Amino acid sequence: MSAGTVAIVGAGLAGARAAETFRAEGFDGRVVLIGEEPVAPYERPALSKEFLAGTRDESSLLLRKPSFWEDRGIELVLGERVIELDAVGRVARTARGHEIRFDDLVLATGARPRRLPLALPEGVHELRTLADARALRDELVPGARLVVIGGGFVGAEVASTASALGVDVTIVEAAPAPVARLLGDRVGRLLAARWRSRGVRVLLRTGLAHLRADASGRVVSLLLTDGTELRADVVVVAVGVEPAQELMPERPARHVHPAGDITGSGHWTAAALDGARAARRILGLADPDPQPAYVWSDQFGLRLQLVGTPRPDDECDLAGDDESFAAHYLDETGGLRAVLLANRPAEVAAARLRLGESMRALAA
Amino acid sequence: MFKIVIDRSLCSGFGACAELAPEIFDVDDGGLVSLRAGTSEDPTVLDAAAACPMAAISVVEVQAA
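Sequences listed follow chains A and B, in order.
In terms of the numbering used here, the first sequence opens at residue 1 and continues consecutively.
In terms of the numbering used here, the second sequence opens at residue 365 and continues consecutively.
Note that these hints are calculated values from the structure, not bench results.
Just so we're clear, the structure is a prediction, and the values are computed from it rather than from any experiment.
Heads up, a few of these hints could be off.
[Unchecked claim] Selected chain B positions facing chain A (Cβ under 10 Å, derived; list incomplete):
| # | residue |
| --- | --- |
| 1 | SER373 |
| 2 | SER376 |
| 3 | ASP393 |
| 4 | LEU396 |
| 5 | MET418 |
| 6 | ALA419 |
[Claimed, not checked] Residues on chain A that point at chain B, a partial pick, calculated with CB under 7 Å:
| # | residue |
| --- | --- |
| 7 | TRP296 |
| 8 | PRO345 |
| 9 | VAL348 |
| 10 | ALA349 |
[What the hints assert, rightly or not] Chain A is nowhere near these chain B residues, computed Cβ spacing over 12 Å in every case:
| # | residue |
| --- | --- |
| 11 | MET365 |
| 12 | PHE366 |
| 13 | LYS367 |
| 14 | GLU387 |
| 15 | LEU399 |
| 16 | ARG400 |
| 17 | ALA401 |
| 18 | GLY402 |
| 19 | THR403 |
| 20 | SER404 |
| 21 | GLU405 |
| 22 | ASP406 |
| 23 | THR408 |
| 24 | VAL426 |
| 25 | GLN427 |
In this text, a Cβ means the ideal position worked out from N, Cα and C, and glycines have one as well.
Using the sequences and the hints, build the whole thing.
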C-alpha cells in the first residue's frame, strides 16, 4: 500500500512507533494517530520515577518534539476516545462523534491498571497516565504515609521515589515474595530485603480487605486480610495491568492490526517493535528481526534490566548480593531463557546477544 | 553523510546500536550509550537507529558540502 489512510488508535509507544514507521518507510498517504489522553506520545516509564520525583517536567517526557509530527504530516487527534470500530465498513467513531475512515487501522489501545472490586475513596490512586502521575505527585509530601498495594515493578518504583521524597512507605504484597510471579522466589526475597534495608515496610502474604474513609470521603486507613490495620494518607493500587481490548474485533479482521500491550505482551521493547511491525506489514514489508524482550526498572538504587521472559518455575542461577547481582533463568533442558541484571549494565549487551542467538536458532 | 543524534534521556542501555555499529556507538560505564562520532558515511547507522527499542537515535542524511 502506498496511499490511502492509515488510522492508529492509541497514542502510546506502539502507536507512536507505528506512525513513525509509516513515514520512515515512505508511505505518503494520510497517517492519523488518535489518542485518548490530551497529550502527544510520551515516555510512560518515567511517570513512576523522574516525573514523580519532580526531576523531569511534562515537556521533557514527550517522545518527540511537537514539530516532529508536524514535519512528517502525522495528524495527531488527541483527547478523543474511539468508542466504536467498524472493521468491515472501515470507520472509527469517537466519543465526540468524529468519524475517521481508514484503509488500514493499527489497534494500539494498550493496557490499563487492574482495578480492585472496591469503592475507592479520595487519596487512592492508580498510576498509568500522566494525569494519574500528576495527581499522585501532588500528594507525596514529606511525612505523608503511603501504602502501595502490589509489589511489582510499578509499585516498587513508586515506593522508591516516594521514600526518597521523605514519605513513610509500606508495600503490601499478596504473594510470599514480591515480583515472584515474574522473577521467581529467590530474586523476590532478595528484592524485599533490599527494600526493607532502604527503610520501607514490606508486608507479605496479605492483601487489602477494606478501605476506611473519613466524613469527607478521604482515605484514613486500610484493613488487611490478616486483620492488620494500616493508617494511610495516600494509597497507590498497583496490582498489574490488563489489555484494553474493548475495540478488538471478535474475529481477526483483515484491515485491523492489533499491536503492543493490547496483545497482552506488556514489555517495552515488545510494544515498540510491535508498532513498527504492524506498520511494515500493512506496507507489505518483511518483519524486522525478532529481539528478546527487554524491560528495566530503577528502584532503591538498583537498575534492574531483564532480557528475555523467565517463567516462575525456571531454574534460577543467582550470583551476587543486593547491591549488584545477575540471575540466569534456565529452562528444563538447561537452555538460557532470560537474564536479570542488577547494577550490571555492562553485561546487558552480552545477555541480549546470547538470547538473540537462541531465538534465531529456534526460528530457523 | 549521516548525522547521528542520540537522546540520552530515552536510552535504557539495550545496546543493540553498539553491537551493529561499534565504531559509532559505545555503552558507557553507567550503561547508557554515547557517541564515538557524530557523523558517518556508513548506512549501518540507519539499522542501528531502527534497532533501538526506545527510538532514542535519530539519523539525518546530509549532503556533503
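Hint-by-hint comparison with the structure:
Against a cut-off of 10 Å between C-beta atoms, the interface hint on SER373(B) holds, since the closest Cβ of chain A lies about 7 Å away. Satisfaction of the interface hint for SER376(B) is found here, the shortest Cβ-Cβ separation to chain A being roughly 5 Å, below the 10 Å cut-off. For ASP393(B), the suggested interface contact is upheld, since its CB lies about 7 Å from the closest CB of chain A, less than 10 Å. Below 10 Å, beta-carbon pairs count as interface contacts, and LEU396(B) has one with chain A at about 8 Å; its hint therefore holds.
Look at MET418(B): its Cβ gets to within about 7 Å of chain A, closer than 10 Å, so that hint holds up. Of the supplied interface hints, the one on ALA419(B) holds, with its beta-carbon coming within about 7 Å of a beta-carbon of chain A, less than 10 Å. Taking 7 Å as the C-beta contact cut-off toward chain B, the hint placing TRP296(A) at the interface holds, the least distance being around 5 Å. Proximity of PRO345(A) to chain B holds as hinted, the smallest CB-CB distance being about 2 Å (cut-off 7 Å).
Interface restraint check: VAL348(A) against chain B, minimum CB-CB distance 6 Å, threshold 7 Å, status holds. Interface restraint check: ALA349(A) against chain B, minimum CB-CB distance 4 Å, threshold 7 Å, status holds. With 12 Å as the threshold on Cβ separation, the claim that MET365(B) sits away from chain A holds: the shortest Cβ distance comes to roughly 19 Å. Under the 12 Å C-beta cut-off, the non-interface status given to PHE366(B) relative to chain A holds; the minimum distance is some 14 Å.
Non-interface call for LYS367(B) relative to chain A: holds, since the shortest CB-CB distance, roughly 16 Å, exceeds 12 Å. Every C-beta of chain A lies more than 12 Å from that of GLU387(B), the closest at about 15 Å, which supports listing it as non-interface. For LEU399(B), the shortest C-beta to C-beta distance to chain A comes to about 16 Å, beyond the 12 Å cut-off, and the non-interface label holds. The Cβ of ARG400(B) sits about 15 Å from the closest Cβ of chain A, beyond the 12 Å cut-off, so the non-interface label holds.
Distance to chain A confirms ALA401(B) as a non-interface residue, since its nearest Cβ pair spans about 19 Å, more than 12 Å. Against the 12 Å criterion, GLY402(B) stays outside the reach of chain A, whose nearest CB is about 19 Å from its own CB. Consistency note on THR403(B): stated as away from chain A, and its beta-carbon is indeed over 12 Å from all of that chain's, at 20 Å minimum. For SER404(B), the condition that its CB be more than 12 Å from all CB atoms of chain A holds, with the nearest at approximately 18 Å.
No beta-carbon of chain A comes within 12 Å of the beta-carbon of GLU405(B); the shortest separation is about 20 Å. Every Cβ of chain A is farther than 12 Å from the Cβ of ASP406(B); the closest lies at roughly 18 Å, confirming the non-interface assignment. With a least CB separation of 14 Å from chain A, THR408(B) remains clear of the 12 Å interface cut-off, as annotated. Against chain A, the non-interface label of VAL426(B) holds: every CB pair exceeds 12 Å, the least being about 16 Å.
No Cβ of chain A comes within 12 Å of the Cβ of GLN427(B); the nearest lies about 18 Å off, and the non-interface call holds.
Consistency note: the structure conflicts with none of the earlier hints.
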